[in-house]
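**Q** Quick mapping for you: the protein sequence lines, in order, are chains A and L. Our numbering applies: residue 70 is where the first sequence begins, and numbers increase by one. Our numbering applies: residue 3 is where the second sequence begins, and numbers increase by one.
Hints are computed from structural coordinates only; laboratory data are not their basis. Heads up, some of the hints might be wrong.
As the list claims (entries may be wrong) - With a Cα cut of at most 30 Å, we get these calculated DSBU-like pairs of lysine-lysine:
#1 334/A with 283/A
#2 291/A with 182/A
#3 283/A with 466/A
#4 473/A with 74/L
#5 74/L with 224/A
#6 453/A with 420/A
#7 453/A with 466/A
#8 466/A with 102/L
#9 291/A with 374/A
#10 182/A with 283/A
#11 473/A with 102/L
#12 74/L with 334/A
#13 453/A with 283/A
#14 466/A with 224/A
#15 283/A with 473/A
#16 291/A with 74/L
#17 182/A with 334/A
#18 182/A with 420/A
Said to hold, decoys possible - Stretch by stretch, here's where chain L covers chain A in the computed footprint (C-beta under 8 Å, at least three residues):
#19 194 to 205
#20 447 to 453
Keep in mind the model is a prediction, meaning the values are calculated, not measured. For glycine and all other residues, C-beta sits at the position ideal for the given N, C-alpha and C.
This is what each chain is made of:
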Amino acid sequence: MTDRQPSGEELARLQALMAVPLSRRRLLQRAAGLGALAVIAPAAAACGTAASPSPASSPSPTAAPQPSASAGASTPAAPTAQPTPQPKPEAELFVYNYADYIGDTTIADFEAKYGVKVTYDFFDTYDTMTAKIADGHSGYDVTFVTSVDVPGFFKNGLVQPLDLALIPNRANLAAEWANPGYDPDNAHSMPYMWWTTGVAYDSARVSGEPTSWKTLWDPAYKGHLAMLDDYRETFAAALIQLGFSANTVSDTELDAALALLQQQKPLLRTYTADDIGALASGDVWVCHAWAADARQAMAERPTIKYYLPEEGAIRGSDTMVLLAGAQHPIAAQLFIDFMLDASVSAANTNKTGYMGPNEAARTFIDPSILSDPTLNPGEAAIAKLQELLDLGPDLAKYHDRWSKLRAGA
Amino acid sequence: MMRGRLREGALLFPGISWLFVFFAAPLAIIFVVSLGQRDAYGGAVLDKGLSFANYLRALEPSFLPTVANSLKYATATTLLAIGISYPIAYWISRHGGRRKGLLLILVMLPFWTSWVIRTYAWMIILRDNGVLNGVLQATGITHDPLILLNTDFAVVLGMTYGFLPFSILPLYVSIDRVDVSVVAAARDLYSSPGQAFRHVTLPLTMPGVIAASLLTFIPAIGDFVTPDILGGAQTTTIAKVIQSLFLSARDWPFGAALGFLLILATVIGTVSTLRILRAEVIG
């Protein structure tokens, strides 16, 4: 067949580039992006950078500052001293993240500040990332892990402890994030963003103000409904509706959830990894979605709205981790520190709509995000949300039913 | 004699090692993995005893709909591709004249762009507010947007489009090889143009049709990208299930078992098809 079976992150990147209908500005941006891909790909392949996970990816092809001995505004030169308190970063850094999950200039700003060339790749689903980093030789230095998975990832040797001396900006963290239950003293992870999962809909297409998960089962919208291509989230939507815990390992409860999802499947247009594109294109009217993704879709299609279903919903947070096989640990930890900088963190929030754990950043965050109850729900609303926990070997119960759901008629 | 055999061995060596490195060895790895047990973070546990349990799971009826989907898409794609390619290949061969080379380059030109990008272009054409629905509504043929994207139609369209060059090229080669004077002889013996085509040209180009069918059907049955991008909730193929078993469910042994069965079925199907057709067509 053809010589090219596209990889997961290639798909994700393209999804990011092309999934949303094109306004003129975006079209130009994307055309430039694709052009850059086409130009960089062969060149990068020819260079054959060691351990490069994937050749064409730097989103900012113009910024590739050559690190020189004295470059890097903030790195102390310290030519004679043997062990320096802040060592010099490596010349390169490989970061692996979701698409649309960072500020527009964050990577370029980091490159300019430290003289590190960053290769920034996207994964389409969390599982793709997990599968890729599982053998410890993915070539990536930093990735983004859901907080509840941090203990398991560390126990299985996928991530390594952080050198907190390299991350002074952790002082910016709000109190509840400074010593979180999943990772005492932030020893292996730094919180990045937190989120809720609920339902987004196009108010131009959907009558009334829906408040329930049941809207995603409404035959009136057949062919215009979509669930997330994420087995934990999708099963949670069914389990919560049935009044069960989103972390159940009971076979009967999971079978009931599977039956509910099988009943929904004929109504669905797709299981999507790109809720933003699905909503913004107008193909999907009611979509299982992450709150801030709904906000990004809103930028393209202003009639999009989002709600946390009355039955309950899901919340969670993502962390930045240093991968076990990281070849560029110093640059990686300086990057994590950079992401915790108040203005950088605020820029990321202002772009993505996701709230961060950064107390110091609040003064720089767009007031419309701070005051939006869907993006920044209050304590009372948060109390009603469940967090998806690491289920260990019992996760296979979800996997098997998910395969059955997707494979079935 | 000795030297002859040595030389024979030396000449065979590249071919045999190619076959070993790129076919037999990967297949053996897949087979071994398929006998193991799943590991929590991907990979396979092989030291806790090997078994055929994954093959039993693969035979569960819950996977039949995806196998049926895959066969449906691959068959429809193959029939459409041959139906569209034959006239194109025929025309290039008979009427291409001096521009034959140019026309063949045009057939291959789409390969200059990544297949994924071309498939994404179809997404923009097919979506509810896409190009095709826009044209249909502007011309008054339809009133409301048709759901085209995420359907069987979109998957078959995308696959047919993608695999068309693979069927045009072998057909061209075999049509171009048919001696025009044989067709002229048939016409001299009072057969109509249709009869000459049916009784002379078509049988003589049958090897090309078979080659084109295989080159379309086999990649189509293993394709997971087109169903992923252009398909939807109802268009899961067996290849897509295998892909998600590896990347999403992290159940490598089961994915390997399904993959091994798919390869086995493809090989058996191909070999027996070739046998039957060869016996019938070539005699």
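**Q** Residue 291/A and residue 74/L were given as a pair; does the straight-line alpha-carbon distance stay at or below 30 Å?
**A** Holds. Residue 291/A to residue 74/L sits at ~24 Å (cutoff 30 Å).
**Q** Given the hint that residue 291/A pairs with residue 374/A, does the C-alpha gap stay at or below 30 Å?
**A** holds, 19 Å
**Q** Next pair to validate is residue 334/A with residue 283/A; report whether the Cα-Cα distance is within 30 Å.
**A** holds, 13 Å
**Q** Can you confirm whether the C-alpha distance between residue 283/A and residue 473/A stays at or below 30 Å?
**A** holds, 22 Å
**Q** Quick one, are residue 466/A and residue 224/A close enough, alpha carbons at most 30 Å?
**A** holds, 21 Å
**Q** Given the hinted pair residue 182/A and residue 334/A, is their Cα-Cα distance within 30 Å?
**A** Violated. Residue 182/A to residue 334/A sits at ~49 Å, over the 30 Å cutoff.
**Q** Run the distance test for residue 453/A versus residue 420/A: straight-line Cα separation, threshold 30 Å.
**A** holds, 27 Å
**Q** Below or equal to 30 Å on CA atoms is what counts here, so check residue 473/A against residue 102/L.
**A** Violated - the C-alpha atoms of residue 102/L and residue 473/A are around 50 Å apart, more than 30 Å.
**Q** Check the hint pairing residue 283/A with residue 466/A against an upper bound of 30 Å on the C-alpha distance.
**A** OK: residue 283/A and residue 466/A at ~24 Å, within 30 Å.
**Q** Mind checking the alpha carbons of residue 473/A and residue 74/L for me, to see if they're no more than 30 Å apart?
**A** holds, 20 Å
**Q** Does the alpha-carbon distance linking residue 453/A and residue 466/A stay inside the 30 Å limit?
**A** With Cα atoms ~25 Å apart, residue 453/A and residue 466/A stay inside 30 Å; holds.
**Q** For the pair supplied as a hint, residue 182/A and residue 283/A, confirm whether the alpha-carbon distance does not exceed 30 Å.
**A** Measuring from Cα to Cα gives roughly 49 Å; hence the hint is violated.
In summary, the numbered hints that this structure violates are 2, 5, 8, 10, 11, 17, 20.
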